[in-house]
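With the hints as a guide, dock the two chains, each given alone in a separate frame, to form the complex.
Chains as they are written, first to last, in this note's numbering: chain A, 12 to 922; chain B, 218 to 292.
Worth flagging that the hints you see were computed from the coordinates, not collected in a lab. Check the hints yourself; a few may be wrong.
[Unchecked claim] In silico SDA-like pairs for lysine to any residue, Cα to Cα no more than 25 Å straight-line:
#, chain 1, residue 1, chain 2, residue 2
1, B, Lys-272, A, Arg-196
2, B, Lys-272, A, Leu-274
3, B, Lys-272, A, Lys-892
4, B, Lys-272, A, Arg-293
5, B, Lys-272, A, Lys-824
6, B, Lys-272, A, Pro-351
7, B, Lys-272, A, Val-354
8, B, Lys-272, A, His-335
9, B, Lys-272, A, Asp-145
10, B, Lys-272, A, Ala-180
11, A, Lys-820, A, Ile-807
12, B, Lys-272, A, Val-148
13, B, Lys-272, A, Arg-333
14, B, Lys-272, A, Pro-324
15, B, Lys-272, A, Ile-353
16, B, Lys-272, A, Arg-359
17, B, Lys-272, A, Ala-177
18, B, Lys-272, A, Asp-178
19, A, Lys-824, A, Pro-855
20, B, Lys-272, A, Leu-320
Quantities reported herein were computed from a predicted structural model and do not represent experimental measurements.
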Amino acid sequence: MGPLLETKLHVPRRRRALIARPRLSDALSRGAESGLTLVSAPAGFGKTTLLAEWSAGAPADGRSIAWLALDQRDNDPALFWTYLLTALATAAPGVGEVALALLHPPQPPIEAVLTTLLNDLVALPDDVVLVLDDYHVIDSREVRDGMTFLLDHLPAQLHLVIAGRADPALSLARLRGRGELAEIRAAELRFTPDEAAAYLNGAMGLALTAQDVAALEERTEGWIAALQLAALSMRGRDDIAGFIAGFAGDDRYIVDYLAEEVLQRQPGPVARFLLETSILNRLSGPLCDAVTGQAGGSARLEALERANLFLVPLDDRRRWYRYHHLFADVLQAHLHDEEPDIVPELHRRASAWHEQSGEQSEAIRHAMAGGDLGRAADLVELAIPATRQGRQEATLRRWLEALPDELIRTRPVLSNGYAGSLLVRGEVEGVETRLRDAESWLGTTTGDPQAAQSPSGAMVVADEDAFRRLPGAVAVHRAGQARMLGDVAGTMSHARRALDLVEQDDHVGRGAAAALLGLAHWTLGDLTEAHRWYTEGMASLDRAGYLSDVVGCAMALADIRVAQGRLREALSTYEWGLQVATGHGPIALRGAADMHVGISERHAERNELDTAEAHLVTARELGEHAGLPRNQYRSRVAMARLRQAGGDLVGALDLLDEAERLYTSDFFPEVQPIPAIRARVWLAQRRTGDALAWARERGLSPTDDLSYLHEYEHITLARALLAQHAAERAGPSIDEATELLERLLRAAEEGTRTGSVIEILVLQALAHQARGDGPAALAALHRAVELAEPDGYVRIFVDEGPPMAALLKAAAKQRTTPRHVRRLLAAVENTAGSTPVDQDLIEPLSDRELDVLRLLGTDLDGPDIARHLGVSLHTVRSHTKRIYTKLDVNTRRAAVRRAEELGLMSRTRGR
Amino acid sequence: MNRPPDRYRLRVDGHLDNHWSAWFGDLTLTRESDGTTSLSGVVADQAQLHGLLVKVRDLGVTLISVEAIEPRPDV
Numbered sequence: 012m013g014p015l016l017e018t019k020l021h022v023p024r025r026r027r028a029l030i031a032r033p034r035l036s037d038a039l040s041r042g043a044e045s046g047l048t049l050v051s052a053p054a055g056f057g058k059t060t061l062l063a064e065w066s067a068g069a070p071a072d073g074r075s076i077a078w079l080a081l082d083q084r085d086n087d088p089a090l091f092w093t094y095l096l097t098a099l100a101t102a103a104p105g106v107g108e109v110a111l112a113l114l115h116p117p118q119p120p121i122e123a124v125l126t127t128l129l130n131d132l133v134a135l136p137d138d139v140v141l142v143l144d145d146y147h148v149i150d151s152r153e154v155r156d157g158m159t160f161l162l163d164h165l166p167a168q169l170h171l172v173i174a175g176r177a178d179p180a181l182s183l184a185r186l187r188g189r190g191e192l193a194e195i196r197a198a199e200l201r202f203t204p205d206e207a208a209a210y211l212n213g214a215m216g217l218a219l220t221a222q223d224v225a226a227l228e229e230r231t232e233g234w235i236a237a238l239q240l241a242a243l244s245m246r247g248r249d250d251i252a253g254f255i256a257g258f259a260g261d262d263r264y265i266v267d268y269l270a271e272e273v274l275q276r277q278p279g280p281v282a283r284f285l286l287e288t289s290i291l292n293r294l295s296g297p298l299c300d301a302v303t304g305q306a307g308g309s310a311r312l313e314a315l316e317r318a319n320l321f322l323v324p325l326d327d328r329r330r331w332y333r334y335h336h337l338f339a340d341v342l343q344a345h346l347h348d349e350e351p352d353i354v355p356e357l358h359r360r361a362s363a364w365h366e367q368s369g370e371q372s373e374a375i376r377h378a379m380a381g382g383d384l385g386r387a388a389d390l391v392e393l394a395i396p397a398t399r400q401g402r403q404e405a406t407l408r409r410w411l412e413a414l415p416d417e418l419i420r421t422r423p424v425l426s427n428g429y430a431g432s433l434l435v436r437g438e439v440e441g442v443e444t445r446l447r448d449a450e451s452w453l454g455t456t457t458g459d460p461q462a463a464q465s466p467s468g469a470m471v472v473a474d475e476d477a478f479r480r481l482p483g484a485v486a487v488h489r490a491g492q493a494r495m496l497g498d499v500a501g502t503m504s505h506a507r508r509a510l511d512l513v514e515q516d517d518h519v520g521r522g523a524a525a526a527l528l529g530l531a532h533w534t535l536g537d538l539t540e541a542h543r544w545y546t547e548g549m550a551s552l553d554r555a556g557y558l559s560d561v562v563g564c565a566m567a568l569a570d571i572r573v574a575q576g577r578l579r580e581a582l583s584t585y586e587w588g589l590q591v592a593t594g595h596g597p598i599a600l601r602g603a604a605d606m607h608v609g610i611s612e613r614h615a616e617r618n619e620l621d622t623a624e625a626h627l628v629t630a631r632e633l634g635e636h637a638g639l640p641r642n643q644y645r646s647r648v649a650m651a652r653l654r655q656a657g658g659d660l661v662g663a664l665d666l667l668d669e670a671e672r673l674y675t676s677d678f679f680p681e682v683q684p685i686p687a688i689r690a691r692v693w694l695a696q697r698r699t700g701d702a703l704a705w706a707r708e709r710g711l712s713p714t715d716d717l718s719y720l721h722e723y724e725h726i727t728l729a730r731a732l733l734a735q736h737a738a739e740r741a742g743p744s745i746d747e748a749t750e751l752l753e754r755l756l757r758a759a760e761e762g763t764r765t766g767s768v769i770e771i772l773v774l775q776a777l778a779h780q781a782r783g784d785g786p787a788a789l790a791a792l793h794r795a796v797e798l799a800e801p802d803g804y805v806r807i808f809v810d811e812g813p814p815m816a817a818l819l820k821a822a823a824k825q826r827t828t829p830r831h832v833r834r835l836l837a838a839v840e841n842t843a844g845s846t847p848v849d850q851d852l853i854e855p856l857s858d859r860e861l862d863v864l865r866l867l868g869t870d871l872d873g874p875d876i877a878r879h880l881g882v883s884l885h886t887v888r889s890h891t892k893r894i895y896t897k898l899d900v901n902t903r904r905a906a907v908r909r910a911e912e913l914g915l916m917s918r919t920r921g922r
Numbered sequence: 218m219n220r221p222p223d224r225y226r227l228r229v230d231g232h233l234d235n236h237w238s239a240w241f242g243d244l245t246l247t248r249e250s251d252g253t254t255s256l257s258g259v260v261a262d263q264a265q266l267h268g269l270l271v272k273v274r275d276l277g278v279t280l281i282s283v284e285a286i287e288p289r290p291d292v
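Same shape as in the complex, but just chain B (with noise of 0.2 Å):
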């Protein structure tokens, strides 16, 4: 892709409650079915990105995944 993604997905093992949501930049926070959790939304940039991981380590959470997501097409 040519401009760099602004939209992520982070995937932890376990049930993070919603007061987390804040801590990790104000991401959407969605506990799923499997037992996951998934934080996604809009990213500046890199560095903010790397510096939610750390936040994601630094929990103890077993990290899933990290993809970029296509933006929503504009309605």
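Only chain A is shown next, with the shape it has when bound in the complex (with noise of 0.2 Å):
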């Protein structure tokens, strides 16, 4: 950043020939106390000349102020808030840290990134003011955003100054509301009748009269650059009164009368100079040297500073200035008018001198404003590195907007370029067809760059460097592209083509591509493959210095190794991942909160419930922007889980429901569905029914072809159906859930899913329980107490309450019982007393009553259904009463709705 900074954050200078103008320094001191204040008038009105004042009083009243200059560049989010965040510090230290450490990608929302801002506010023991001016050149959504937030959770320490041209596009409507909104508007700037006159016979030192200073004050309306120009205008003129009549008699453009008055009196050199240079934002005198073509410009700055005209410093040391923006308009305007010709070769100059100095983007704007886009789209060629590193997504993303596409083409390192801004912001459209330009020039005969050549002309490049590198930079865009399409094949293949293609030394490249194959891997159940790919990727990356990019990868290991079974490993990859996370500085990066939760899920399984709950609650406290997307919803569904093991099981269907509307993918397989959680714990509710239905609407059966990535769908419909089973002792249910456990253990044992074969092995058990195969159930629970050791899986058993109580007793009977078996034994009859709220059926329905109970689910009355079912009333009336008692329930309706629930009405419903 450097020199920009220092001149964008710098309190512009106090300038001579200023009058006091109390009036406005107290209003401003009187809005500072509010939230806001609006500092808004055209050009010209003294906008930034009074804020300047006002800020050197400043310290005097014990105020902090810092100041930011804003131009066209900040409406790039990632410059705006680095540069307003640098601004506060500058008053209070120590303010905004946090948020400027975690103004990186991954970037969280904004929201979450102004939060750690405010906390830093509302904790200063002094208030501080911030000024931004020039406001109106900001026009991006994303920046307003941001600015609406800050607005909205203003905290009294802080007060801010917009000063613009124009009111800013910002909903004030609330701050008005509170009066926490004050103005100062063109009607407060002008130069009121006495102070004009101060002005102009004070400051100025001209000797007018009363009459006089009336009439330019009339034909000016108070504008001060109109007086401005007037007042030197007049300087060292004789005829005052003869120039007062014909400016005052005169319908001109006041600026074009004045400026004209002012230019014409200027040495020809001086005239030329102020001509040539205007094209600059920001001039030096090496800077104006070159665009002249003369020597001798920091000399003739100084001059023209001192003159007063219309040249501000915008540093201490004389180095920088800017002209007055009208100023700068009207001579502009005469330089296209008069001169047209020179201002593309001038605009060169300037392009050419600030690339020499390193300042990419004002080289492209001078590129570009002098038409010369041929040039604009190399510099922006070789400016992508540092754009890339800077996440000045936004700008380069401008930049690339502004160049026409026939240019883009013949650049493959260009397009290559714009493919990945578009895929940066999740951009699908228009990936493929930079693709497939920049490929276009690859096909040729190695090395050459000359003898490539198609239809549009022949190929540019800019950067050598990165056209070398091009065939496995766009290979990795392409396996991002098909990851982005969910395209699992077409990611594996151009991961691997990216991993032959990138240079050894190149670890982004390799990172990226290593982290997609295993991503793609890991979707279609390679569990080991996917485990060295990311293994191998999170290497480079840490090589790279990504260590955002790391914790994701450790992340994305210990979920494999927890689908693998290996839990110890995976306790340890998140610890090792949250030491990455924080143990690099004081600010946490983003993924320790997953860390977090996934240790918090690991002591879960061990039933460590305590100290489960404690890892959540430090990820809560770690805020939102320690979290990766994902966490949002994933620590809601491991909260959901924590509740439903304490008995809440109503607690945990609402945290599901929060997890389900914060749902993100963000392209990871989505191995847990929050439907076919939900769906479990409707079972464990009993709501049998439910869980059904939920199954028939996904489209589940059991006789399905079996996926890794539908496993945990069809475990929990062979649990829905074990449920129907129990619940109407009869029925294919059974048979169903049986089969369908025998095919899921096959290919989950296939896939080395440890922890699903113990899930499932589990569920066998229970299934030959069920149907009186005592010595069977015990074999399986023994398969699977002996898998479950080593790694200390404690709830996939104790989650099965009372019937996988009973048949631990049994097992502890043998003599070979694992020492695992009295452990789970001792933590099931710990939890007993938190058993379900929702308590299941003490009796079964006999199969008469539940014949009764279908028809107490349509629109018979006590008579029809004694009679369709052959009875007399009196029998009926004591079966529904042993129903009641049954159900728990005291009317009809109840009864039907919590037949409903246990699944008991699925069959035939009378009609």
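This is the structure in structure tokens:
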């Protein structure tokens, strides 16, 4: 950032020939008590001067003031917030430190970043004022959204002053309503007749009569810039009266009239200098020399400043200046009108100078302004690496969109860069075209760019280095594109190709490709391969210094280990990842919260519920910014599991609903869909009917083909079928469940998904038990326990409740009992007190009672039911009474509802 | 209207010199007898129109009106 930063944060120095305007300074001071002060008026009304003057007097008033002069480039949110936070820190050291550190990808939503800033501000002992000058240049929606959030949550300690030529496009209604908005507008800023007199006669040393002053004041309407120009015109002039008469009687646009007066009175070389340098945003001696082709620029600038010719110093060392905006516009208009032919050359010189100074942005701006888009395209191509590193994606996007397609198409590196820019934003549209454009040049003979030709012209390469690496870079982008489109096979083949093509020392490229390959394998259920590639990717990204991505990879690796049933390894990976995320500085990296959630889940499985809860609390306290996008929903799912373990099933469902609202896949395989998790909670509530309805809606059937991605859902289906059997005591459910479980077991064993194997064996044990086959049940349980013991699985057994308790008791009696069984038994007995709030049926309904119950679900009244069943009404009534007792209800409607929940009505509805 | 307008007339208070025409995208500049200046001509799109309005704003002149005008019939 360097020198640019200094000029943007620099409070403009007090200018000579100023008059005191205490009424406005006082208004500002009063306004600064409010949350927001608007200083809104066109150019030339002295906004900046007033604010600078007021800021200079601030320390005496005990006020800390931060200053930020905005320009077009600050529409890039990365730049805007960096500058804003840096500015604030000058007035209140330490404020915004966390926020600044968070402004890196993967950047959390700006609200999360700003929340940390707000927390810092609230802790300040003294108030701070932040002045944003030239806010009218901001038209970015992203910046606006962030500013809106800031204004909506403005703490008492921060006072904003926004100065600009137009009212900002922010919603000010709330602030206005609360009386938190102060305004100083053109009407207040105009010179009053007294002020005009003080300025003209006092500060500018003219000797005007009251009438003269009045005439000028009327003609200019107190417009300060105009009065300035008028004063300059009149200095050293003999016939002031004549001048004023001529001026007052003229219809011309004031600035035209006066500026011409001023320009005409300049010596030729000076006038020429002014015209030629008017294209520059900021002026320095060397830069002006380059543009004008003359020497002595520094001296000239100093002389212009002394003569008050609308030159504003931008720093304390007289290196950088800018023209007053109005004056610059007039100069440029004259330039374009009188010498349009030299304008492109002037811009070219400015562009070249900035390029050599390493100021890409300005070099590109001038190239574009001068109409030399070919040069601009080359500069953009060369600027891509730095822009990426500075995370200025919005800036890069704007540049690319300003270049015509014909130019981009002949530049393979630029085309590929464009594709990358789209992918980073999550946009797929247009990526294919750009990649094809880049690839069309790679099909040519190696190493000789000159030989490449296409109908649209010869190939152009500005960044030779990047061109050499292009095949690999394109492959990485293709892999990313495939991932975004959900094309697993494509992701895999492109990622493999990328790894072949990318250079050994291109750690970022290798890391990205390897991680994408790992993800593809994971989605297909190839857990071993997935783990291998993620490990490689993580190592490369570590070498590249992309710590946040390292944490992301660690997350994936740990999750894969969980699927493989290697819980201890998963836990240590989560802990390692947490180290990386928290160990390198005071700010936790994004992903730290995810690690805590992962650790929590492992402890929960071991039935260490207090520890599990503590980690979730820690995760929450780290703040939203410490979590990757998925953490919002994932942490809630983990909490739901804890609630369920504690017996609060309704609470668990609430959390699952919340999780669903916050769900994002972030391209990871969705191995545990929330609706399936919810169905399992329903099963715990004995709402078998609802669970079966879920399976029907999902189109799940026990005879489906099996796949890794649907494993969790199919296991859930098996559970539902087992529950259905338990409720109905008859029907095909038990057989269907058993067959499904057998197939699931084989698939899980093939895929080395030991976690799933254990769960399936547990369910098989319960299924055997339900059929009355004790030995088979114990055998299955034995296998499950053997697999579960090394990694400490507990809840996978305990969650099954009383039926499992019975099995464990039986297993404990056997001679060859694994120690783990006793542990499980102890755990089950400990949780006996926390059985689900919804009790299961103490006594099942008899077949006859079921018949009556089903008829209760129709419109038939008592006598009709009796007739339908061929029994007396008295019999129906006693059945009904017993049904009510068993279902723990008092009314027919409640009985029907309860029966529906229990899945007892799932057969014919008595139609 | 179905097609977006491509000709506009901007009217500002005060008389602007001719050299401003180039600055305002080569629009035709006419100083009117009522003390205003009108700038009229082809405007490529809305983005360009708003760019012109910003230039007007930045000159500090008072904007009187902006209107879309019908294209002259082909002769």
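Here is how each hint holds up against the structure:
Between Lys-272 of chain B and Arg-196 of chain A the alpha-carbon distance is near 20 Å, which keeps this suggested pair within the 25 Å criterion. Straight-line distance between C-alpha atoms of Lys-272 of chain B and Leu-274 of chain A comes to about 21 Å, which keeps the hinted pair within the 25 Å bound. A threshold of 25 Å between alpha carbons decides the hint, and for Lys-272 of chain B with Lys-892 of chain A the separation of about 86 Å lies outside it, so the pair is violated. Taking the CA atoms of Lys-272 of chain B and Arg-293 of chain A, the gap is about 19 Å. The hint holds against a cut of 25 Å.
About 91 Å separates the Cα atoms of Lys-272 of chain B and Lys-824 of chain A, which puts this hinted pair outside 25 Å; it is violated. For the hint pairing Lys-272 of chain B with Pro-351 of chain A, the CA-to-CA distance comes to about 18 Å; that is within 25 Å, so the pair holds. Taking the CA atoms of Lys-272 of chain B and Val-354 of chain A, the gap is about 19 Å. The hint holds against a cut of 25 Å. In summary, the hint linking Lys-272 of chain B to His-335 of chain A is supported, as the alpha carbons are separated by about 15 Å, within the 25 Å threshold.
Between the alpha carbons of Lys-272 of chain B and Asp-145 of chain A the distance comes to roughly 15 Å, so the proposed pair stays at or under 25 Å and holds. Our distance criterion of 25 Å between C-alpha atoms is met by Lys-272 of chain B and Ala-180 of chain A, whose separation comes to about 18 Å. The hinted pair formed by Lys-820 of chain A and Ile-807 of chain A meets the criterion: a straight-line CA distance of about 16 Å does not exceed 25 Å. Simply put, Lys-272 of chain B and Val-148 of chain A have alpha-carbon atoms about 12 Å apart, close enough for the 25 Å limit, and the pair holds.
Taken as a hint, the Lys-272 of chain B and Arg-333 of chain A pair is honoured in the structure, with Cα atoms around 18 Å apart against an allowance of 25 Å. Simply put, Lys-272 of chain B and Pro-324 of chain A have alpha-carbon atoms about 24 Å apart, close enough for the 25 Å limit, and the pair holds. Note on Lys-272 of chain B and Ile-353 of chain A: the hinted pairing holds, with a Cα-Cα distance of about 22 Å set against a maximum of 25 Å. Proposed proximity of Lys-272 of chain B and Arg-359 of chain A is supported: the alpha carbons are some 24 Å apart, at most 25 Å.
Of the pairs offered as hints, the one joining Lys-272 of chain B and Ala-177 of chain A holds, with about 12 Å between alpha carbons and a cut-off of 25 Å not exceeded. In summary, the hint linking Lys-272 of chain B to Asp-178 of chain A is supported, as the alpha carbons are separated by about 16 Å, within the 25 Å threshold. Taking the CA atoms of Lys-824 of chain A and Pro-855 of chain A, the gap is about 29 Å. The hint is violated against a cut of 25 Å. Our distance criterion of 25 Å between C-alpha atoms is met by Lys-272 of chain B and Leu-320 of chain A, whose separation comes to about 22 Å.
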